[in-house]
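Novice: Read off the chains here:
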Amino acid sequence: MEKNFIIAGFGGQGVLLAGEVLATAFMLAGKHVTWYPSYGAEMRGGTVNCEVVAGDEEVSAVNKLETDFIVALNQASFDKFLKKIKKGGTMIANSTLVKELKTRTDMNYIFAPITKLAEELGNIKMANILALGIVAKASKMISLEHLIDALDRVLPPHRKNLLPLNIKALKIGYEYDLLPA
Amino acid sequence: MATECITNKKVLTKGNYAIAQAAVLAGCECYFGYPITPQSEIGEFMSGKMQELNRGYVSAESELAAINMVIGACSTGAKAMTSSSSCAVSLMQEGLSYATSDQLPVVLVSVMRGGPGLGNIYPSQGDYFQATKGGGNGDYKLIVLAPSTVQECVDLTYKAFYLAHKYRNPTVLLADGLLGQMMEPVEFKEYPYPEIDNSGWALTGAKGRSGRVIRSYAPLAEDQCVFLEKLYQKYKTIEENETEWEEIGTEDADIILVSFGSTSRNVKTAVKMCREKGIKAGILRPITLYPFPNNRLKELACIAKKFIVVEVNMGQMVNDVRLAVNGKVPVELIHKPVGAPPAPEEILDKIEELI
Amino acid sequence: MATQVFKLPESLRENTRYSFCPGCDHGVAVRLVAEVLDELGIRENTILAASIGCSVTIYDFLNIDAIEAPHGRAMAEATGVKRARPDKFVFTYQGDGDFASIGLAESLNAALRGENISAICINNTTYGMTGGQLGPTTLVGQVTTTSPTGRNIEYYGYPIKIAEHIALCDGTAFSARVSLDTVANIKKAKQAIKKAFEVQIKGLGLGFVEILSTCPTNWKMTPDEAHERVRNEMMKTFVPGIYKDVTAD
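Chains as they are written, first to last, in our numbering: chain A, 1 to 181; chain B, 1001 to 1355; chain C, 2001 to 2249.
Just so you know, these hints were derived from the structure itself, not from any lab. Here the structure is a predicted model, which means the values were calculated and not measured. Heads up, the beta-carbon is just placed ideally off N, CA and C, and yes, glycines get one too. One or more hints might be untrue.
To be verified - Restricting the straight-line Cα-Cα distance to at most 27 Å, the calculated cross-link-like pairs of lysine-lysine (DSS-like) are:
#1 K1272(B) - K86(A)
#2 K86(A) - K1277(B)
#3 K84(A) - K1350(B)
#4 K2088(C) - K1166(B)
#5 K1305(B) - K86(A)
#6 K1336(B) - K1305(B)
#7 K1230(B) - K1133(B)
#8 K84(A) - K1298(B)
#9 K171(A) - K3(A)
#10 K64(A) - K1280(B)
#11 K1207(B) - K64(A)
#12 K102(A) - K83(A)
#13 K83(A) - K1272(B)
#14 K1207(B) - K2202(C)
#15 K160(A) - K116(A)
#16 K1277(B) - K84(A)
#17 K116(A) - K99(A)
#18 K83(A) - K160(A)
#19 K1207(B) - K1141(B)
#20 K3(A) - K1350(B)
#21 K1350(B) - K64(A)
#22 K3(A) - K1336(B)
#23 K140(A) - K1009(B)
#24 K86(A) - K3(A)
#25 K2088(C) - K1049(B)
#26 K1133(B) - K1277(B)
Stated by the list, open to error - Pulled a few chain C residues facing chain B out of the computed Cβ check, cut under 7 Å:
#27 T2046
#28 T2079
#29 V2081
#30 R2083
#31 A2084
#32 K2088
#33 E2106
Work out the full structure: start from the sequences and follow the hints.
Specialist: Structure, rendered in C-alpha cells:
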C-alpha cells in the first residue's frame, strides 16, 4: 500500500533532514521510496517542506494532490496543508506553535507540543526527529528500529555525538500518545 | 577506478549526486562546469572527488568555456563531461555543433528548469527541443537519454559515456529539476560497458606519424557533402541499434500515452487508474529521445485508436509523436507549462475528456 | 662538401593546400613556431588548439596533432587538453580578434588560473580573414571597413594592449610583445616563443607572446610599406618588450 507524507515547517526546523531520515528508514525496511523537496522561493525563508512517498511497488507518481500524513511544525504549514489531507488522513501538528483548531471532521488530528517536548529534552533542534516518532506511531508503517538505523546513516560524522539524544527524541515522540492528556 | 563509490546495497541518493557519482564510476577523467540551479550539486561533488582522484576539474569562467574545455579533453580520447541547465545549456549550443562535426564523445548532463529566458528553477521539460533538435548550426544530432528515476540517472549516465565513445557523438543526459533534487534508493554497480578503443583518432602528439587534425572546417562544398553523408550513415546505425523505450499495457490498448522523464511516473499511475476504470490504456515511455522510437509508435498506431502525449512544456515531443504516427490516428496533448508533473488524477480527468 | 644551411623544419608540412597572402607575417610566425618545436624536440608530444581567422588552417602548415576551436575558445580547449593530458605540450595560435575580443574571457581566465599552456597571438590590428574590419587592436585613427573615417575613441573606444594585460595576471609566467619587421626582431621573436614554450615545460604557468604582424592585403600596402607601418605606427601603441618573465632574476 502506497502512502505519502509531507513534513513542513520553518526553514531551520530540520524538515528536509527529518524527511531524509524517514525515507532512509523506508529504504532499510525494503520499501520503494521517493523523497523530494519543495524548493524555489521557499528556500529563502517561509515554509519549507518535503514529501516522502513509500510503498511496496515502485513509486511512480510524485506531486500528489492528496496526502496521507502531514507533519506541520508551524502555523503556516498547518494552514497551507490542511486542505491537502486525504479523507481519513492524519494531520500531526506541533501544538507549541499551532492553534488547536479542528475544522475538518473527515480526518484525524494529532496535536502534540513537539517544540516543548524537545525543549524539555534539552535541545529544541530535536523537534523534527521527535515528530518522526509520532509519525511512526500514527502511520504504523515504519518501525522505531528502522528509524534509529536511518538516523545512524543520515547524521553526518560531526553530528554523530547527537545520535543518543536523537534516539531519545524519537522514543519520546513514539510514546507521546500514550502519555496522559 | 573510484571503487569506493561502488555500493553493493542501496543508498538513498539525490539525483544530481547519483549522476555525479555514476560519472566518476564510468571513468570520467575531467569535469568542467559553471554553477546553475537546479544542478549545482553535480559540480560541487565533482570539485572534491576529481581532485581526490587526481583527475581534471575546472570551475570554468562560463558555459562557453566549459563545453570547449570538454571538447579539448575529449579530443585526446579522454572521458570528459559538463553539466548545466536550460538557459546555460543555450550557451553550449555552438560547442555541441562543433563537437558533432569533430565527432567527439562529449557528455552533457542537462537538468531542465523553466524557460524561456531566465525562467525559473522549477522542474520542466521545456528543453526537449533544445536537446533533440539542437540550437547549434548545421545538420547534426545529439544522442539524448531521458531518465525517470534516480536509479536510471545512474544507469543512463553510464550509458551516456558508453554511447558517446562508441559512436563518437555528443550525448546528453536530459534530466529535470525534480529528478535532480529527488532522493531515491540506488545501487552503484560497476561500469558495465566495454572501454572503446580510440587510438585511431585521439590526439596524442604526433609520435612516429604525421599530425592528426580534428576539425569541422571543410572549405570545399564537396568535402562537406561527403562528410555529412557519412555522419548521417552513423546516425542511421544509431537509430537501428540504440533506440530504447519502455512499454506497459500497450498490447491491447485503445489509448496509448506517451511520456518521458519524471512526468512518465505520474502517467504510469494514471494508466493504472484508467485500467481500474475499464479504460484500455497503455504507456510508451521513450528512454532515448534521440533516437526516437518512431518505428514502434508507427506499429502501435495500427493497434491503438488514439495517442495522448503528456509533457511539462507547451507541447514539444507531441510533434515527434505526430510525425511518427503520421496522421493514422489522432495525437492529443496533455500538458502543463512548467513545474512538477500534473497529478495522476488530473491526467486521468483529461484522458476521460479526450476519449 | 655541401652543407645544408636551410631546410624545412620537421614540424612543418611539405605540401599545403592553402597559403597566406603575399607579404603577410603569419608565414614567418608559423615557421618560427615550427623551428622552436623542432629545437625543443617536442613535436611528437604536442597538441595544438587552433583558432578561427586567418590562422584557421594553421594545422595545414604545422605537422602536429591539432584540435580546431570555435572562434575565441582556443584557450578553453587548450585548458581541456592540458587537464586531460598534463604530460603533453599544449599551445594555441590565435589572432588578436580571436584571443582578445571574442575570446578575451577565455584568455584572461586561463592566465588567471595559471594554466600550464602557451599561447601565440598574432596582432595585425584588423580582422583579416573577413576583409579588414575594426578589431580589438585597431589603432586610434586607423581606417577599416567598419571604421570608414578612422577609429575615434569617442565612438569606438580604445584598442587593447594584450601583452600588458596578460602580464598582469598572477598565473602568467611569461608575456612578451615582439615584431617581425627586421631580421633582428625576427630573432628576438623566436627567442620569446622559445621562452613562452619553456615556461610551460618547466610547469611555471602560462607563456604568452603577442606578435605584431602585417596585413598588406587589408592595409592596402606593399610588404615593405606594411613593415614600415609596424615600426612607425603600431609600435607607438604596442611597445615591444618583455612584460613578465618569472624566470628572470
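Novice: Among the hints numbered above, which are violated by the structure, and what are their numbers in rising order?
Specialist: 5, 8, 11, 18, 19 and 26
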